[in-house]
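Novice: I would like the entire structure built from these sequences, with the hints used as guidance.
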Amino acid sequence: MSDVLEAAHVSRYFDVSKPWLQRVLTGGRRAVLRAVDDVSFAIPKATTLSLVGESGCGKSTVARLAVGLYEPTAGSIRFEGQPLSAARAQASLRRRMNMIFQDPYASLNPRWRVRDIVAEPLRAFKILNSPREITARVGELLTQVGLSPADGEKFPHEFSGGQRQRVSIARALSSTPDFLVCDEPTSALDVSVQAQILNLMRDLQQRLGLTYLFISHNLAVVRHMSDRLGVMYLGRIVEIGPGEDVFRTPRHPYTRLLLDAIPDLEMVGKPRTPVGGEVPSPLAPPPGCPFHPRCPLANDRCRVERPDYTVARDTLVACHAVEEGRS
Amino acid sequence: MALLDVRDLTVEFPTRRGLLRAIDNVSFSIETGEILGVVGESGAGKSLTGASIIGLLDPPGRIVGGQILLDGKRIDNLSPERMRAVRGKQIGAIFQDPLTTLDPLASIGSQLTETIQTHLRLSDREARERAIKWLEEVGIPGARARIDAYPHEFSGGMRQRVVIALALCAEPRLVVADEPTTALDVSIQAQIIELLKRLAREHGMSVMLITHDMGVIAETADRVAVMYAGRIVEIGPVMDVVRHPKHPYSEGLMGSIPSLEHRVERLRQIDGAMPRLNAIPVGCPYNPRCPKVFDRCRVERPNLLDAGATQSACWLYDKVPAHV
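Chains as they are written, first to last, in our numbering: chain A, 1 to 327; chain E, 1 to 324.
Bear in mind the hints are in silico, worked out from the structure with no lab data behind them. Cβ atoms here follow ideal geometry from the backbone N, Cα and C, with glycine treated the same way.
Beta-carbon label-pair distances, calculated as ranges: (1) E/S110 / A/L25: 24 to 34 Å; (2) A/P110 / E/D8: 33 to 43 Å; (3) E/E114 / A/V16: 31 to 41 Å; (4) E/R17 / A/A91: 39 to 49 Å; (5) E/G272 / A/R207: 20 to 30 Å; (6) E/P59 / A/Q206: 45 to 55 Å; (7) A/P44 / E/E202: 51 to 61 Å; (8) A/R123 / E/D318: 52 to 62 Å.
Specialist: What follows is the structure, given as structure tokens:
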């Protein structure tokens with residue numbers, strides 16, 4: 001099966017230094033934030049790759065890199081075999097990728113009617129021209145996401161959060177994309193509404209053969225959605241593999257910590273052992289393996305040498321302990 | 001006798017289009033040392049219930065009916081001055097966002113000693129020692145050295161620990177915690193939950209834990225109340241409500257949560273959304289979305305009825321047949 005998106009050794013740094021004059025006066029140094037550091041993955045057609053991690057791990061930066069909103073500092077991203085920057089330059093390829101954002105309150109223009117919001121990509125890419133065709137297509141799209149064509153006359157504030165997210169999905173689908181980047185699409189929604197949106201996204205994937213890059217901090221949601229799963233920590237993917245494998249036999253100590261930490265309905269009355277410490281600042285990541293200050297398996301090698309990937313069945317794990325069989 | 005007893009609490013908001021009833025006839029109690037979870041989706045009225053108990057209901061919202069009793073004494077009709085003495089000393093509050101709870105311009109030490117000295121007669125030095133003791137208690141490393149630091153010098157998880165210390169330093173008997181872990185990452189969330197549980201146990205405090213996260217409740221609470229459209233629809237021991245929910249809404253809610261343990265093809269979904277406060281349906285508020293709805297649900301409103309181990313506001317559990 002061909003890969004829709006392929007990222008090879010992608011990094012993205014941000015210069016967060018103080019202004020030049022201030023640096024000269026106070027003797028400050030340049031500060032570079034490594035938001036994404038040497039990340040590689042591929043997403044085969046009609047599958048879902050999910051990336052999970054805590055805040056500041058770089059997962060949203062990867063989402064933005066994947067649709068070309070950021071240029072990578074190093075490495076390359078290819079969309080259907082072509083470099084992403086070249087693909088972005090061609091309208092015919094650009095319309096085949098789209099993005100769904102977290103906050104359905106901020107991502108819809110409050111002064112536009114829903115029919116104009118959904119029709120905008122149709123007009124921008126000149127997919128349809130006659131007003132009659134556009135109206136018909138918008139009605140079809142709204143029906144597809146579980147709204148009614150009459151809802152097109154309303155404004156975003158007349159909808160609940162879940163319905164607004166449906167509008168976002170209708171807009172994302174209007175240019176008939178194959179590849180959707182979903183950045184925390186259900187984090188702002190209540191659980192019963194979240195279930196509606198997740199079910200809708202899976203139905204659409206099966207019906208339209210969509211490919212998803214799904215970003216979330218919620219492991220249970222990710223488990224429900226993904227074919228493959230990547231776990232990020234401080235800008236790196238520490239473990240990536242088939243979703244079921246990663247959940248059944250998590251290998252990286254951080255993946256285990258995450259799975260342990262999540263309160264789950266099955267946990268009623270069970271004691272747990274919370275892991276101490278917090279995510280270090282990405283401005284000053286620890287040397288060696290970035291997870292070593294919190295890792296129960298860390299030894300001297302972990303503190304100096306950055307781990308490479310070890311292959312364990314279909315899963316890649318960046319951990320010295322796994323490589324040495326100490327885990 | 002229960003430490004906190006809420007009886008028929010009703011809260012209304014006057015608006016231009018008429019009165020909105022945000023909390024409708026809510027009754028529950030919390031025993032000494034018990035953790036009661038209150039769960040529900042946004043707009044269910046869980047935070048307003050908490051705000052009514054700590055006396056911080058935002059105007060124009062007001063309590064129009066019912067009573068709130070702490071240790072057998074009414075606290076819902078106290079003057080603002082007398083309520084201020086109850087708050088902090090007898091009821092502590094923890095909110096979602098630690099940044100807005102803490103004063104950014106005061107060191108955490110001065111915020112803690114101020115709270116301690118408001119409620120307890122202690123000298124400056126004694127209050128400071130007590131503040132350090134509480135910072136150690138909530139797990140802030142190097143408490144003695146960091147007591148004069150400002151809130152922005154702490155990370156999110158550490159700030160929430162400071163907020164917990166602030167809520168507990170006068171040793172209240174009841175703590176109302178409104179989404180205490182929602183703003184935190186999962187690994188930090190686990191630490192904070194563990195901390196709250198330990199402190200409640202060691203100090204014999206009662207906790208009202210308000211959250212939308214059923215997982216947090218499942219792990220922490222002794223009993224749980226499920227709220228929907230301003231009412232409690234089910235209340236009972238946490239194990240029973242999570243494993244064998246009786247009310248169709250709790251059943252739908254539990255089914256819609258994706259599980260870590262096993263993957264299903266489709267999540268159970270509840271169609272539609274919670275009604276707006278100005279359009280709460282007649283009869284049972286859940287009836288338009290309920291898969292088990294029958295005629296009586298559309299006309300008559302159910303109160304909490306015994307349903308095995310829990311109590312459920314659903315006509316399915318009425319043993320006396322309706323005389324229509």
